[in-house]
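Top to bottom, those sequences are chains S and L. Under my numbering, the first sequence has 170 at position 139, and the numbering climbs by one with no breaks. Under my numbering, the second sequence has 214 at position 144, and the numbering climbs by one with no breaks.
Just so you know, the hints here were simulated from the structure itself, not pulled from any lab data. Note that this is a predicted model, so its numbers are computed, not measured. One or more of the hints may lead you astray.
Okay, derived cross-link-like pairs now, DSS-like style, lysine-lysine, Cα gap no bigger than 25 Å in a straight line [as the list claims (entries may be wrong)]:
id : chain 1 : residue 1 : chain 2 : residue 2
1  : L       : K159      : S       : K155
2  : L       : K184      : S       : K62
3  : S       : K62       : L       : K242
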Amino acid sequence: MALTAMSVLASDQPAVRIEPTNSVGPRPLEKQTETAVIRDYLESWSSLSSALEQNRADLLDADFVGTAKEKLAATVQEQTKLGIQTRYRDTSHDLQLVFYSPEGLSIQLLDTVEYDLQVLDHDKLQTTQHIRARYVAVLTPTEVRWKVRLFQAKPAE
Amino acid sequence: MKFRFSSLLVGLVLAVVQLALAQTSALRLPRTIEAGSKFSIQSSGSGKGILYIVGPGQVLRRNIQLGETTFFAPGDLPNAGHYLAVLVKESSTDTGAFDITAASQPATLSFLAKPSRLPVDLHDGISGVVYIFDTFHNLVLQPTQVSFQLSGVAGAGQIQTVTSHDGIAWTKMNSGAKEGAAQFIARTGNVSGIRMIQQVPGDPCSLRINARLSSQPSSGQRLKLETDPVRDCSGNAVPDGTIVTFTESYNGGESTVDVPVKQGVARTEMPAYNGARISVATGVVMGNEIRWGKE
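Construct the complete structure from the given sequences, taking the supplied hints into account.
Below, the structure written as structure tokens:
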């Protein structure tokens with residue numbers, strides 16, 4: 032399988048692989064757009080991690096919008112209410128851009144992501160688990176960056 | 071008989087293996103659950119424990135009695151995603167994972183149709199994209215048939231049926247031959263979305279002028295110039311306001327008049343020089359040329 036290593040910038044940065052995109056549907060994808068989408072998507076994991084660890088929904092604002100933001104913000108609220116914190120540390124991403132809408136207003140990607148998840152209840156670490164999951168994300172352009180509008184794990188096939 | 075017994079045995083083994091994927095020794099949980107459905111998790115042992123259900127989309131915590139079944143009511147886990155189940159006991163912790171899938175029945179469509187206004191007869195000029203959601207606004211990832219229909223203007227409508235991939239279905243369609251508002255409908259099951267597409271005439275296709283002497287000899291002889299109705303290549307009248315340029319060449323000089331189309335026709339007056347050549351154009355279309363009188 033032809034995979035391209037994109038970046039392993041530092042030891043605490045996730046390894047990122049991007050599958051070559053031959054076709055993403057009705058609209059050709061410029062390299063610059065692809066790079067921006069991937070950069071912003073990866074940053075969204077960082078925001079997600081910080082928001083769910085610190086239980087601060089405002090940290091989602093920079094990278095999430097719409098349904099994704101509402102659902103993640105609701106999780107932050109639930110965690111706050113229960114005294115729970117969760118730490119998501121993404122260690123690798125295998126990304127594939129699969130759809131770019133004809134009017135250029137949305138891009139869908141698939142991500143096979145590996146992450147470590149820690150669950151803390153009232154600051155007490157309950158478990159640390161390594162998880163591999165496949166996510167579907169839809170990003171839409173905003174004034175200055177792409178933001179994640181839909182973010183949902185896809186069951187293993 | 072032996073074959074039937076073997077098949078049964080293989081089936082049992084497979085079922086056990088499948089369940090084992092989603093459980094540890096102390097937790098029995100389903101592998102996948104439809105969003106919003108009721109479900110249960112069985113624990114083993116005795117005493118008390120805390121059960122956590124954790125995912126980016128939702129977090130739950132239950133104090134449970136080990137060895138009993140913990141029931142989750144419909145609507146407790148509406149958000150599709152990958153979840154970790156953590157059972158914390160006095161001296162140990164057990165974990166398992168499961169997936170919440172979107173309900174298979176679509177409940178809403180997010181339908182993006184572009185553009186809202188375009189010329190007639192444009193190949194692949196209209197695009198439609200549909201995102202399919204269930205009741206809980208989860209993307210329905212199972213392949214789903216979506217029909218796109220463009221209708222409402224004279225002539226047979228266009229219908230295309232597309233199978234969605236990862237919650238998205240899209241199509242491109244040609245605009246119709248006749249101007250007017252068309253309905254663009256996306257439908258799956260009982261759910262549909264409608265957008266109006268305004269189809270306007272295209273560019274003028276041909277141009278023809280006629281000339282006659284003006285009946286008002288107020289300031290010398292003048293020619294009354296008038297086009298035939300200006301239409302696009304499908305026979306639709308071009309919109310009023312479309313500019314038509316009349317050019318008169320005479321004796322090495324040239325004068326032009328830009329006239330907007332009114333009620334489908336462009337009219338103007340120009341001096342009636344003997345031997346003048348008068349031509350007409352609009353956009354990229356040249357019309358006929360008239361030579362007035364004799365040189």
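Subject >> Numbers of unmet hints, in rising order >> reply: none
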